[in-house]
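A.B. asks: Listed below, chain by chain, are the residues.
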Amino acid sequence: MSDMRFTKDHEWIKVEGDTGTVGISDYAQHALGDVVFVEVPEPGRKLAKGDEAAVVESVKAASEVYSPVSGTVIKGNAAIVDQPGLVNEAAEGGAWFFTIKLSNAAELSELMDRAAYDAYLKTLE
Amino acid sequence: MRYLPLTDSDRRAMLADIGAKDVDALFKDVPAAARLTEALPLPRHQGELEVERAFTRMAGKNLSAGCAPFFIGAGVYRHHIPAALDQLLMRGEFLTAYTPYQPEVSQGTLQVLFEFQTQVAMITGMDVANASMYDGATACAEAAVMACRVTKRNKVLLSGSLHPHYAETTETSLRYTEMEAELLPPDPLGFEDLLGRVDSQTACVIVQNPGFFGGVRDLRSLAAICHEAGALLVVLVAEPTSLGLFESPGAMGADIVVCEGQSLGMGMNFGGPGLGLFATRDKFVRQMPGRLAGQTVDVDGKRGWVLTLSTREQHIRREKATSNICTNSGLCALAFSIHLTLLGGTGFAKLAELNHAKAVQLEQKLSKVKGLRVLPQSYYNEFAVHLGDEVKAAEVVDALADKGILAGVAASRFYPTWPELAPVLILAATETNTEDDMDRLVAALKEVV
Amino acid sequence: MSETNSISGNKGLQIEEKLIFELGNPGCIGVDLPEPGPVDLDRMGGVRKREPFGLPDLSEPQVVRHYTRLSQKNYGIDTGFYPLGSCTMKHNPRLSEKVARLPGLADLHPFQPQKTVQGALEVIDGLAHWLKELTGMPAVAMSPAAGAHGEWCGLMAIRSAHEDKGEGHRRRVLVPESAHGTNPASAAMCGYTVDPIPAKDNGRVDLDALKAKLGPDVACLMLTNPNTCGLFESEIIEIAKAIHGAGAYFYCDGANFNAIVGRVKVADLGIDCMHINLHKTFSTPHGGGGPGAGPTVLSDALADYAPVPYVVHGKNGLELVEGPREGAKPFGRVKGYHGQFGVFVRALAYILSMGSDGLRQASSDAVLNANYLQARLSDVLSASFEGPCMHEALFDDRFLKDSGVTTLDFAKALIDEGYHPMTMYFPLVVHGALLMEPTETESKDTLDQFIAVVRGLAAKAKAGAAEEFKSAPRNTPRRRLDETLAARTPVLRWKAGSNQ
Chain S
228 MSDMRFTKDH
238 EWIKVEGDTG
248 TVGISDYAQH
258 ALGDVVFVEV
268 PEPGRKLAKG
278 DEAAVVESVK
288 AASEVYSPVS
298 GTVIKGNAAI
308 VDQPGLVNEA
318 AEGGAWFFTI
328 KLSNAAELSE
338 LMDRAAYDAY
348 LKTLE
Chain R
1216 MRYLPLTDSD
1226 RRAMLADIGA
1236 KDVDALFKDV
1246 PAAARLTEAL
1256 PLPRHQGELE
1266 VERAFTRMAG
1276 KNLSAGCAPF
1286 FIGAGVYRHH
1296 IPAALDQLLM
1306 RGEFLTAYTP
1316 YQPEVSQGTL
1326 QVLFEFQTQV
1336 AMITGMDVAN
1346 ASMYDGATAC
1356 AEAAVMACRV
1366 TKRNKVLLSG
1376 SLHPHYAETT
1386 ETSLRYTEME
1396 AELLPPDPLG
1406 FEDLLGRVDS
1416 QTACVIVQNP
1426 GFFGGVRDLR
1436 SLAAICHEAG
1446 ALLVVLVAEP
1456 TSLGLFESPG
1466 AMGADIVVCE
1476 GQSLGMGMNF
1486 GGPGLGLFAT
1496 RDKFVRQMPG
1506 RLAGQTVDVD
1516 GKRGWVLTLS
1526 TREQHIRREK
1536 ATSNICTNSG
1546 LCALAFSIHL
1556 TLLGGTGFAK
1566 LAELNHAKAV
1576 QLEQKLSKVK
1586 GLRVLPQSYY
1596 NEFAVHLGDE
1606 VKAAEVVDAL
1616 ADKGILAGVA
1626 ASRFYPTWPE
1636 LAPVLILAAT
1646 ETNTEDDMDR
1656 LVAALKEVV
Chain Z
5 MSETNSISGN
15 KGLQIEEKLI
25 FELGNPGCIG
35 VDLPEPGPVD
45 LDRMGGVRKR
55 EPFGLPDLSE
65 PQVVRHYTRL
75 SQKNYGIDTG
85 FYPLGSCTMK
95 HNPRLSEKVA
105 RLPGLADLHP
115 FQPQKTVQGA
125 LEVIDGLAHW
135 LKELTGMPAV
145 AMSPAAGAHG
155 EWCGLMAIRS
165 AHEDKGEGHR
175 RRVLVPESAH
185 GTNPASAAMC
195 GYTVDPIPAK
205 DNGRVDLDAL
215 KAKLGPDVAC
225 LMLTNPNTCG
235 LFESEIIEIA
245 KAIHGAGAYF
255 YCDGANFNAI
265 VGRVKVADLG
275 IDCMHINLHK
285 TFSTPHGGGG
295 PGAGPTVLSD
305 ALADYAPVPY
315 VVHGKNGLEL
325 VEGPREGAKP
335 FGRVKGYHGQ
345 FGVFVRALAY
355 ILSMGSDGLR
365 QASSDAVLNA
375 NYLQARLSDV
385 LSASFEGPCM
395 HEALFDDRFL
405 KDSGVTTLDF
415 AKALIDEGYH
425 PMTMYFPLVV
435 HGALLMEPTE
445 TESKDTLDQF
455 IAVVRGLAAK
465 AKAGAAEEFK
475 SAPRNTPRRR
485 LDETLAARTP
495 VLRWKAGSNQ
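Residue numbers (the working numbering), protein chains in the order written: chain S, 228 to 352; chain R, 1216 to 1664; chain Z, 5 to 504.
Please keep in mind that the hints were generated in silico from the structure rather than gathered at the bench. Backbone N, C-alpha and C fix where the C-beta goes; we use that ideal spot for every residue, glycine too. Possibly wrong hints are sitting among the right ones.
What the hints assert, rightly or not - So the derived label-pair ranges between C-beta atoms look like this:
#1 R/Gly1281 <-> Z/Pro38: 16 to 26 Å
#2 Z/Pro328 <-> R/Gly1603: 26 to 36 Å
#3 Z/Glu26 <-> S/Glu243: 51 to 61 Å
#4 R/Ala1240 <-> Z/Gly408: 48 to 58 Å
#5 R/Gly1281 <-> Z/Pro328: 55 to 65 Å
#6 S/Glu243 <-> Z/Gly391: 31 to 41 Å
#7 Z/Glu26 <-> R/Glu1263: 38 to 48 Å
Let the sequences and hints guide you as you build the complete structure.
C.D. replies: As structure tokens, this is what we get:
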């Protein structure tokens, strides 16, 4: 898990080769409460870093999931569309939102590592 | 004052608890320059007797529909309202409740909305309906916006069969957006070619059935053309009792059905409030505007109802909401629902047959008026008639009003710049019209046409 | 103390009631209609319905009992104290209902010849007159159907005025973070983008931050006043000056106009337009979510853009203008017909009953009642801001810190005590908000009882009775409902054989 990188909007990305897997952090799922609806991007969609890529909703909140990097969507996670509750159970594991082929790996260096993200969360309390 | 329970001694005691010298001290944040020091120079308070007298006087200046042979429709229809309905509507628990934000103490309103949504879905032939919009015109505009959202296209095609107020409201709603409305000319004969106008840019076609001039059409081929082009078919029903007789828009292929619900349960009330019905397919439900009641269970496992899918709405999604609507037409939805429940499936169909039979009877009687011809081939309870090339329908309406007959509405009221519509009069007949009403209308028309 | 379950599932007056679709009995009917005779199929365009609807058949007594039972599962103002902040749940006079049902007002068609509806036009004109006088504004667009609709109407007038002056590039709207969600949603419908402005520690708009956001692309400010924290924007005149200085307009959300009627003319505050919720300020019933009405007053700069229709004094009496007219530049039409006429009748009946003296007394009493709640509860709850409030008192959840009780739990416990809860979690600018609006139609006795209950509950919460709060409400027709289930697996209508 130490190779995960985080955004200030609480997305995470884990990269293997030039493929990134993107999800929302455990902090984010907790803040949302019971997730009831998820929308993931279509394969082939081109995203710039910071673009709205997916949607996650609880009963009382709706939030966009922004792409942490630029690239092309490989696929969305159909499992969380069918069972949005998975996001509450495994936000930083099996309940990833989409995979993306990175077009600029250098953008990763702008993201926080686990320690930096934890420190950032402390500032939000 | 009868609505204010505080007495002067209450006020003094409360101010003492607050620690304020007087009420003015509580308004200290108001800039001094804007503070009014005394009541405005307007009439002072009055008792019930005086206020009732004032309204009785104003009411007396009007010719109410019940006092005249009455044949006006054009989007607002006079139907009989069962006596039980108004009694139930006046129950304070319905009348004086707010939007059901606290479901544990709002199960009455919520169950009514769930039943209403089901009834609307059933009669329109759709999967799902919302808990109401303001009226048919605004629901029509919302349907246009939703169709653009669903199709990610910007062009909205408005049929000439559309009620001019619905068309104007929709055009106004799109005026400062990326979306565009194209309005076809008025279509009293039902000859317009919509099929040839649908293309790959079209988000939706909005067509009214029965049309503003009364014509009824089979929408199946239009639905097929729309779907082939990736556009949605929006069907507007201004007279929902017609759904008791005709194939439902859903069965004919509509993607969104919007109605003005006033015909069931509400009086005419000079045109407002109305009731917007809004129904669509399951797959579009998250693109839908307006509130939705949904079924769930409580902590004891008992079936109950809540407002749901609220993330579409303004209080959560703010500028990204599907609509800005908040207050809708809750009490009107209750009235609609009670009326439909009293009618039941059997009564709803019978009411529709009765309305159609009245219109057929009216057409037969009108055939005795020389020079008059009925324009649409098929109709429900309303049709446009042509009074003869030289006749101005507006003048006929005016002359008949002087005889105490409310003889429909002249098309020129909506289309003043279309000379060919000057002789066109739109007439409606409902179960409230007697044969004597019709004879008086025909006799009066014979005199002036 | 043991609770026994009844055989029926009923609890005395709380009677379980099925859906109408589960009650029907084919062959019953609730409305007797004459036989229509044979239908002329030639005239039906070949689209006669063949399938049944699935609507149930019921007789009148079944229907009356169904809706009566459902009504008994509802809390209304008639039932008890309803301090729902920002919603103005005041008594709804029954005289208004009576006059709205006079056939000479209810049984009128909007397209009758105008000479046959002079009295109806007098109602519209008379109400418009009062609204203009009470706000000091020169014009009013009567047709918007509700508050949000009035917001949109006002913004459309603003956009039209800018377009007319060749300033259509102004597309940014400033909206405080504390605003109702309708404000940004209405702005988006006019093609505007929304730029939030922060509040100061005292709950008011930060004037310096506002000035810093002004620029040649700003169309207007949308500000609720009194604001959603129940506070008067004390720098409002300076705010108006700054907005106008930047060539923008000032939209006021009049949802809280009930606090200041007869005590402030909004024209004196520099406002260009404001909607008025007749169902709040002028006491027409909320009806479980409408209908409302949102007439929108306009300044001279915007008056010409008012939508059709409107009433003018002409040579033949009152005239309803439905189309083009010299000098007018209406931005269009916002709904069908002539506005929420039935609501107008009720609002005017209320206004004539209250008169100028009564309306001023009503806002005074509304503010007094709210301040009384604030004063009597501030030592046990946590008031969000210091100083007097206007018509509603705002508390946050600091008083519940470490108690294990949330704002939601606290609200649900109030239900068991026989009250409708206050507004929760709005405005968003304070944590765990509890917004209480008592209105002027509550007696001191009612407030004193409520205060005693709230104080008691606060003491219980602090004493560690979290479990009791979590399980509230217990005495309602239904207890807490599973909103997650409702949203994850939406069931939005009844279907034969699928619901139980």
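A.B. asks: Given a hinted range of 38 to 48 Å, is it respected by the beta-carbon distance of Z/Glu26 and R/Glu1263?
C.D. replies: holds, 43 Å
A.B. asks: Quick check on a hinted range of 51 to 61 Å for Z/Glu26 and S/Glu243, using CB atoms only.
C.D. replies: holds, 55 Å
A.B. asks: Does 26 to 36 Å hold as the CB distance between Z/Pro328 and R/Gly1603, or does it fail?
C.D. replies: holds, 28 Å
A.B. asks: Is it true that S/Glu243 and Z/Gly391 lie within 31 to 41 Å of each other by Cβ?
C.D. replies: violated, 59 Å
A.B. asks: Range first: 48 to 58 Å. Now tell me if the beta carbons of R/Ala1240 and Z/Gly408 are that far apart.
C.D. replies: The hint (48 to 58 Å, Cβ to Cβ) is violated, given that R/Ala1240 and Z/Gly408 are roughly 39 Å apart.
A.B. asks: R/Gly1281 and Z/Pro328, beta-carbon distance inside 55 to 65 Å?
C.D. replies: violated, 34 Å
A.B. asks: Using the Cβ atoms, figure out if R/Gly1281 sits within 16 to 26 Å of Z/Pro38.
C.D. replies: About 18 Å separates the Cβ atoms of R/Gly1281 and Z/Pro38, which means 16 to 26 Å holds.
In terms of the numbered hints stated before, the structure departs from hints 4, 5 and 6, listed from lowest to highest.
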